[in-house]
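Trainee: Take the sequences, apply the hints, and build the full model.
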Amino acid sequence: MIAAHGLSKWFARTPVLADVTLEVGAGQCVVLLGPNGAGKTTLLRIVATLARPSRGSLTVCGLDALKEPQAVRPMVGVVAHGSYVYEELTALENLRFWTVMADADASRARLLGALQRVELEMVATERVRTFSAGMKRRLALARVLLGRAKLLLLDEPFTGLDQRGRKWLSEFVLAFKAAGGTALVATHSFASGLAIADRVVILHDGRIVADRSADELSSDTLRRLYDGLTEAEGSTG
Amino acid sequence: MTTRMLGWLALLGLGGGLVAGFGYAPREVAQGNVQRIMYLHVPAILTAYLAFALVLIGSVGYLATRQLRWDRLAAAAAELGVLFTGVTIISGSIWGRPTWGVWWTWDARLTSTAVLLLVYVGYLLLRGMVDEPDARARYAAVVGILGAANIPIVHFSVKWWRALHQPSTILGPEPSPIATPIALALLVNWVAFTLLFAYFLARRMAIARLEEHA
Amino acid sequence: MTAYARRTWIVLWKDLLTERRSKESLNALLFFALLLLFLFEFALGPDRERLRAALPGLLWLGFVLSGLLGLGRSFIVERDNDCWDGLRLTPGDKSAIYLGKLLGNCAMMLAVEAVLLGLFGVFYDLALGPVLAPLVAVLVPGTLGLAAVATLFAAMTAHLRARELLFPVLLLPAQVPLLLAAVSATQAALLGQPLSEVSHWMKLLIGADVVYVVIGLLTFEFVLDA
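Chains as they are written, first to last, in our numbering: chain A, 1 to 237; chain B, 238 to 451; chain C, 452 to 677.
Read the hints as simulated data drawn from the structure, not as lab findings. Fair warning: this is a prediction, and the values are worked out from it, not measured in the lab. A portion of the hints provided could be inaccurate.
[Unchecked claim] Label pairs and their calculated CB-CB ranges: (1) W10/A to R530/C: 21 to 27 Å; (2) V271/B to G572/C: 48 to 54 Å; (3) A588/C to W343/B: 24 to 30 Å; (4) R457/C to A386/B: 38 to 44 Å; (5) A386/B to D576/C: 20 to 26 Å.
For every residue, glycine included, the Cβ atom is placed at its ideal position computed from N, Cα and C.
Mentor: What follows is the structure in structure tokens.
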């Protein structure tokens, strides 16, 4: 699904990613962990074709993402910090906009169906300006559902969600996987990450410092591994 | 190596141009010695046009290939273009003072040239305000293409606008008809300016490349 | 409808809906138009004849100033919630987004111009009725040209800190030919002359419009960085 080799990125002279090589097979969920500034968001953005690496190669769904980003985009669903929502529009109107932009069927029934799956059908005609962060994120997931995404890219999706919200999101990702989708999720939350992960990758100072199967890890071992790696690498300020 | 040779050639050319302009070419009957400023003014604007053509080429080249050296070409050419256009306007103004009695007049050619200057100064300001190299190159390229496409439109609109208000004689430091020694002196100066431009361009682009990799 | 036309339409629909709900831009712009009227009167009055003579220029000055204010904000709404990234990720020809924005901007500018024209008519006692058709024939291409370049530059400056400075600095030199043509043609229209007498200006206007819109359509994807 994703084959990244030697991805490096620097802004001005500051390196943000250094020689990242990562492969994610279809139907897998890989969770990216790492402290702030580790490069998780940058990596996700590059895979999403929202940013270009300074060096390296990237294949997504069998296509060269650097040469043909337009071909890759329909297959990728992105839910980042900003949820791509227009505040003055209602939930339905937002979905209608993005679905038409994606050249997909935007019939009211289909849009309502997506809202039902993310449990937002009660506020379908409310303006998004009144939504909480969690609700906006769910709306973003509805948007992804209405497209043809095979790859889900989530950047800190559990932030700002309560216990119930986290559980809901975990179930969503697992259902997405069960339907044949692949997911790459960046998060700070160990518990939520482990709940959905097949593999855990730890990023530090722009490098991959660990890549383990989630079966081998419990919450404690992961914590110890994480602390060890992110401290041992030394603080770079 | 070639750049330095270019520099020497340019210097030689300028020397020749000076001699041609002040020594060889005759003193103009009607306007006197101040007419000699034409040997600066006309080559300057011609070189400016060359510069802006290169801005267009660099802009299209960058959008087509996404290789930054095209952007370096466009940026360097724009800087030089603004410089030479400034020289054109100032020399025109210096010529205008004793000839027309004013520093500035809104005649068609001066106005068009001034608008040209405004467009490319805007281009440089834009470049100055965007930090990220790729975004800067993209935005500059679009402005460069639009600016170049606008040049003929500006030319005609200003010409017709002046025709409305002042269907007058040709205003410009160019005697007509042009005698051979004057034409020759012009040619020498023009070649010299083009060499100088090429030298500056090569140098500026080299500096830009160094800045990027520093 | 083709997919392209659908996307153009949905962008236009979104912007019109957003504007109607937030009422941010249009109301303030219309009020600004009224203020301009006062500004011109105070700066150039009270000689009525002088103002009337300068009317075509003042009208277009008013339009361009309103445009500087209103059009620079075209992509502001896309900055929230990373919608800009969302737009970058949409499939197909990105110029549909440009076209949708352009149509929305034209609609907004024409609304402001209609109000400004009406205000001028009232305050300076102009008989606009008989000259309305030729006036509109000049206003539409003039506005299209203004909006075409402004939409492109608005997208470019949307993310820059110096947006308020850079947008006018880039737009105004590019508008010179349009302004010259539009003012001349408007003057002819107001004097009741048939537009055929200023056909060269009209041709310039329409020719310039074609150039600007085509460049906008072709280069928008580079501005969006798709």
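Trainee: Tell me, which hint numbers fail for this structure?
Mentor: Result: hints 4 and 5 break, sorted rising.
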